[in-house]
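Colleague: Chains as they are written, first to last, in my numbering: chain Y, 2 to 946; chain L, 0 to 211; chain U, 22 to 112.
Everything labelled a hint here was simulated from the structure, so no lab data went into it. Please read these numbers as outputs of a predicted model, since none were measured by experiment. It cannot be assumed that every hint is accurate.
Estimated spans, in silico, between C-beta atoms of each pair [claimed, not checked]:
1) L:Pro209 - Y:Ala450: 25 to 35 angstroms
2) Y:Glu732 - L:Lys63: 34 to 44 angstroms
3) L:Ala57 - Y:Ser671: 51 to 61 angstroms
4) Y:Ser400 - U:Trp71: 52 to 62 angstroms
Ideal Cβ positions, reconstructed from N, Cα and C, are used throughout, including at glycine.
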Amino acid sequence: MRLSLRPGEVIDRSRPLRFTWNGHDYPAFLGDTISSALAASGERVMSRSFKYSRPRGVLTADSLDPGCIVQVGDEPNVRASHRRVEDGMIASPQNVWPSLRFDVKVANRAVSRFLSAGFYYKTFMKPQRLWPAYEAVLKRFASGGVISNRPAAGYFDKRYAHPDVVVAGGGPAGMSAAVAAAEAGAQVMLVESEHELGGHLRWGGAHELSVLAELKAAVSATNSIEVLIDSVVAGRYDGNFLAILQRSLPGVTERLIKARAKTLIVAPGLIERPYVFAGNDLPGVMLSGAARRLINLWAVKPGTRAVVFTANSSGDAAAQDLEGAGVEVCCVEDARRGGDVVRASGSATLQSVECGDGRTYQCDLLVTATGWTAPTSLLNMAGDKPTYDERAARFFPCSLPEDVLATGGITGDGSLEQILEHAAHTGRLAAGRARVAGGRLRKGVPHAAPTDSPVAEEQSNAITALPVDAHVALFRGRTHGFVDFSEDVSSKELEAAVAEGYSSIELAKRYTTATMGSAQGKLEVVNAVAVVAAATESTITETGTTVWRPPYAPITLGALAGRTLEPVRYSPMQSWHEARGATPLVAGAWIRPDHYGNPTAEVRNVRSNVGLIDVTPLGKFDLRGPDAAKLLSQLYVNKWAKLAVGSVRYGVMCAEDGVVLDDGVTGRLSDDNYLMTATSSGADTLLEWAESWLQTEHPEWRVHITPVTSDFASINVAGPKSRTLLERLVENVDLSAEAFPYMRVRRGRVAGVEDCLMWRIGFTGELSFELHVPSSYGLHVWESLMEQGADLGIAPFGIEAQRILRLEKGHLIVGQDTDGLTRAYSAELDWAIKLDKEDFSGKPELSWQAERSDWPKLVGLRPEDVTVVPPEASQIVHDGAIAGRITSSRMSPTLGRPICLGLVAPHLAEPGTELSIVLPAGVRARAVVTEHLAHFDPEGQRLRG
Amino acid sequence: MARPAAVARSPIPAFGSTDVVAGWEVSQTSRTSQGATLELIDCMPLTKVLVRGAASGAVADLLKTPFGRASRTLSGVLTTACRPEEWTLYAVPGSAPRLIDKVTKRVPAGELVTLLDITHGRTLVRLTGSRGPDVLCKLCGIDLSDAVTPTGAALRTSVARLTVELVRDDRNGVCSYLMSCDRSYGDYFFGALLDAGTEFAIEPQGFVLPGI
Amino acid sequence: MILIPCPNCGPRNASEFRYVGESIARPDPNSATQEQWRAYLYERVNPSGWTTESWFHRAGCGRYFKIERDTNSNEVRAVRLEPAAATKGES
């Protein structure tokens with residue numbers, strides 16, 4: 002039932018809304034939460050509980066409300082006591098098997114016998130063959146809403162922020178601290194989890210509302226405070242790196258702010274703690290805060306006849322609010338005078354309450370106010386281990402790092418005015434420390450403005466600590482009841498867990514899953530600790546508390562994922578490849594053409610006419626300086642000193658363990674200028690590798706290495722007609738075999754583009770010219786080649802054709818034909834390794850490898866069955882033992898038979914050796930070791946042409 | 000046979016119709032609003048010259064731009080020092096040979112200097128508008144406040160998961176960033192910036208001379 | 022995300038760097054025994070407490086440098102560039 006106007010109400014009665022709940026139409030006002038609107042319509046059951054399917058209603062009327070987790074449209078696990086109603090919203094209960102209204106007492110009793118502590122571990126273990134049946138039952142019990150299969154709608158944003166001070170909690174203390182910090186010159190982020198600032202002032206009386214109005218005015222008058230509502234500081238990490246989840250933004254579903262805060266003020270207030278007794282989860286049993294919020298924020302009458310069990314001023318105020326709202330308060334049971342409640346009873350909802358003295362009241366509402374839990378989560382994440390104060394019956398912060406401060410109810414009690422003053426002091430202190438921290442962060446930043454002179458910090462001991470009041474220690478009463486409402490864990494189960502030996506709170510927690518539900522311990526942890534303490538006959542201090550970890554509040558996967566930021570690299574010819582329907586190949590960040598429809602035809606065309614392949618991703622480096630050859634000599638196993646200007650050489654690079662790291666061709670362009678190339682995938686690593694030699698081992702060398710991969714569009718023109726084609730487009734370079742022989746480099750004009758490099762190399766085994774063209778002209782040169790080569794039968798070829806061509810020629814691919822254990826001698830690179838050099842990377846390991854003969858060797862393999870291509874990575878077996886593996890394997894279009902490379906044991910590497918290859922399904926295929934790695938043109942006549 | 004004249008193209012795909020300016024294919028954008036409040040300009044045609052040399056030497060003396068700073072001490076040239084002992088010079092299209100020549104002449108024999116025309120190897124964009132920092136903070140972890148990153152600041156950092164040279168180079172008092180990354184990422188980078196700027200009504204713009 | 026104090030660029034997010042590892046000297050490749058060389062390749066102390074380690078500022082200045090870091094608290098107390106990376110004449 003809706004009450005008449007309340008002074009602090011947040012509903013807009015001029016904006017009525019309609020929404021659907023459980024298939025029925027309900028009214029609401031703008032500002033209503035789903036549960037407040039349902040409560041206003043007299044609905045009391047919001048869900049069925051997780052394990053026992055018990056009816057549950059409003060307990061806290063805030064984001065922690067464990068019985069108010071619902072489905073909204075496609076979105077599961079929506080917190081109905083936090084989410085505001087939107088017009089036309091479709092909400093439905095979760096966990097309702099068989100149905101929300103159906104009285105499941107029978108089912109309840111039937112299952113409760115075996116849903117005891119650790120029931121997951123005990124009940125569904127054996128026999129294993131019944132697991133599918135168990136799974137089906139468990140899924141029904143544990144239904145947590147329905148996930149949509151469609152991609153998440155909406156914009157999930159992320160951003161970085163660098164505030165001076167972040168205030169976690171927008172209640173009176175947080176607001177006061179934010180204003181004080183801002184007035185002291187700090188840029189402040191004030192983060193409040195509810196939809197409005199104010200905390201408990203919002204549901205307070207006239208005095209609280211007037212203080213709230215003043216605080217709000219002060220916050221909005223200060224433009225250096227950024228207010229984030231419906232937002233939460235979800236985690237605090239080293240260096241005060243904060244994860245802040247922000248909602249209720251226009252056009253943005255959720256935003257994750259990664260804030261590097263100079264100081265953090267933790268002011269979350271206190272969380273009201275439920276009382277553990279029989280029937281404490283019945284709809285109609287709620288906390289004093291919930292009753293006050295329903296009445297004062299949403300003008301909802303929470304019941305008609307109430308018992309109030311109070312141990313503090315919040316309970317007293319709730320009793321007053323209830324009377325003011327026309328609820329008949331039939332009993333105020335005061336814990337400070339020995340009062341107690343023993344049992345709440347009712348079918349589906351509350352019908353009667355039994356008090357400590359045995360009197361029983363017929364009522365539909367029981368309000369409890371038994372004490373507070375300090376949400377010290379963010380302090381834990383900052384390394385604090387809060388300590389328990391018996392007199393106050395709650396935990397307090399103990400030791401905080403300099404960049405984290407706490408204020409408000411989490412630090413003590415006291416009057417509202419005392420709290421505001423404490424918070425203001427804390428805010429000023431935080432601003433002072435932020436200034437010092439900011440100076441530290443700017444120190445060493447070459448472009449930052451000069452650091453302010455350090456400001457004398459306000460002494461922290463100048464802050465008068467808040468007084469701490471005595472509280473009645475009320476956790477569990479005389480009967481057993483629920484400790485964890487979201488995981489359905491009762492005090493009886495915790496006692497059973499202790500009896501079974503799980504006497505540590507951390508073990509009991511995991512065994513029973515208490516504190517592991519949606520509220521993540523914020524409602525239930527102290528009760529769980531108290532029950533375990535009582536069961537182990539120890540104190541709460543001795544029992545300790547569980548460790549709080551991020552996130553502080555539930556966080557969606559969408560918010561964590563954020564926007565898609567997957568860097569992609571394209572060559573300048575990408576648009577051409579796409580227009581020709583090239584099948585893309587993802588190679589690291591590069592997108593490359595795998596083929597243009599028929600790789601076999603592409604191979605044949607290269608062997609018979611001329612083909613073009615885009616090899617732009619090839620790593621390229623400009624080396625400059627008198628010691629460039631020294632760097633090359635250090636990186637490669639080869640020698641470089643005698644490489645003539647205008648020549649290129651193939652080099653092999655090993656890591657310090659002698660394992661092949663990279664390979665490529667390097668050309669000498671002038672006396673002290675080289676162009677070095679590396680594999681596409683190894684280019685980034687190679688630069689760091691080279692720099693590490695220059696910066697750490699040989700700082701005296703005078704050489705620069707500069708990456709120029711993307712400066713050039715690289716095009717390999719391959720095939721017997723490649724020279725004919727290039728002669729039509731290249732100016733000022735003599736392309737004849739005599740003037741421009743194999744393994745030489747020239748510079749000239751191609752298709753009107755100056756400063757193109759050309760080198761004659763032959764990865765494909767054909768006459769070929771590799772062009773390196775200034776990138777912005779890449780598409781122009783490529784299109785010119787295609788046009789000029791039309792009558793020569795020119796066709797583009799992709800990576801797949803290139804892999805076949807090089808395999809025919811027996812050229813290895815690092816990482817394909819070698820792995821993380823393949824030292825250079827194993828890769829048939831003996832000819833390149835110069836152990837007489839003074840030093841090179843991996844030299845000791847290679848010299849030791851050279852002294853032995855027990856390493857595997859790379860060989861060419863010719864399968865006997867010409868119709869079967871052994872899959873790559875097939876095992877090679879000999880005498881019943883694994884003797885190697887196939888590293889590369891293809892059907893050769895040129896030879897019309899399968900061709901392979903393989904790494905085999907040394908005694909099997911002799912040409913002519915017969916080997917057995919294990920094919921899928923265990924079939925064996927025979928293959929013979931060939932004389933050369935090359936299956937085609939081993940003498941290299943074609944590429945030298 | 001008549002061949003098409005060599006046209007230089009940006010890695011950022013054209014938006015709208017195109018025209019050729021200074022030998023470059025550039026997008027023709029009509030500025031929709033009276034001076035868009037947040038613009039992302041494809042500055043690819045600008046000349047970019049990389050200079051590497053000792054922090055104290057003839058090159059450093061000529062360029063007069065310490066590490067972490069950008070300046071216009073050479074006429075018509077924006078000199079940026081995003082890394083120690085390294086500068087990138089930005090100037091009007093086609094001026095690379097002249098710039099390289101100018102620096103080369105000042106280098107005494109024996110001083111190790113690398114001078115490279117990297118015009119084609121880098122993607123260059125300019126983000127101008129007061130909401131520029133709000134766009135960048137969605138992609139970059141650097142503190143962009145005036146105290147830490149004032150105009151004239153030059154740094155190398157991660158933007159949209161790429162290594163980017165970021166130069167704060169305000170224009171007529173309006174916040175502006177010149178950013179360059181490896182050319183091959185250009186399409187992705189431009190798209191990431193446009194996506195981040197959508198909520199602030201960002202507008203892509205083609206290159207207009209002189210552009211620096 | 023911890024901050025790594027780059028001696029050139031100032032404090033930056035750790036994601037801008039490559040963690041190279043515990044600093045270890047390279048033995049003379051021409052006289053090192055197999056034991057010495059393989060200790061250089063594979064053996065690390067991995068202490069709980071202070072350690073000297075190398076980092077590479079991949080997304081920043083591109084320099085290798087060493088820091089002393091407490092592996093328990095992530096506190097950093099000394100930072101120095103590798104010899105060649107020190108910039109000369111900068112203020």
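Colleague: Indicate, hint by hint, whether the structure satisfies it.
Modeller: Here's how the hints hold up against the structure:
1. L:Pro209 - Y:Ala450: 25 to 35 angstroms: Given a distance of about 30 angstroms, which is inside 25 to 35 angstroms, the answer is holds.
2. Y:Glu732 - L:Lys63: 34 to 44 angstroms: Once the Cβ atoms are compared, 40 angstroms apart, the range 34 to 44 angstroms for lysine 63 of chain L and glutamate 732 of chain Y holds.
3. L:Ala57 - Y:Ser671: 51 to 61 angstroms: 21 angstroms, violated
4. Y:Ser400 - U:Trp71: 52 to 62 angstroms: At roughly 22 angstroms between Cβ atoms, tryptophan 71 of chain U and serine 400 of chain Y fall outside 52 to 62 angstroms, so the hint is violated.
This entry does not satisfy hints 3 and 4, going by the numbered hints stated previously.
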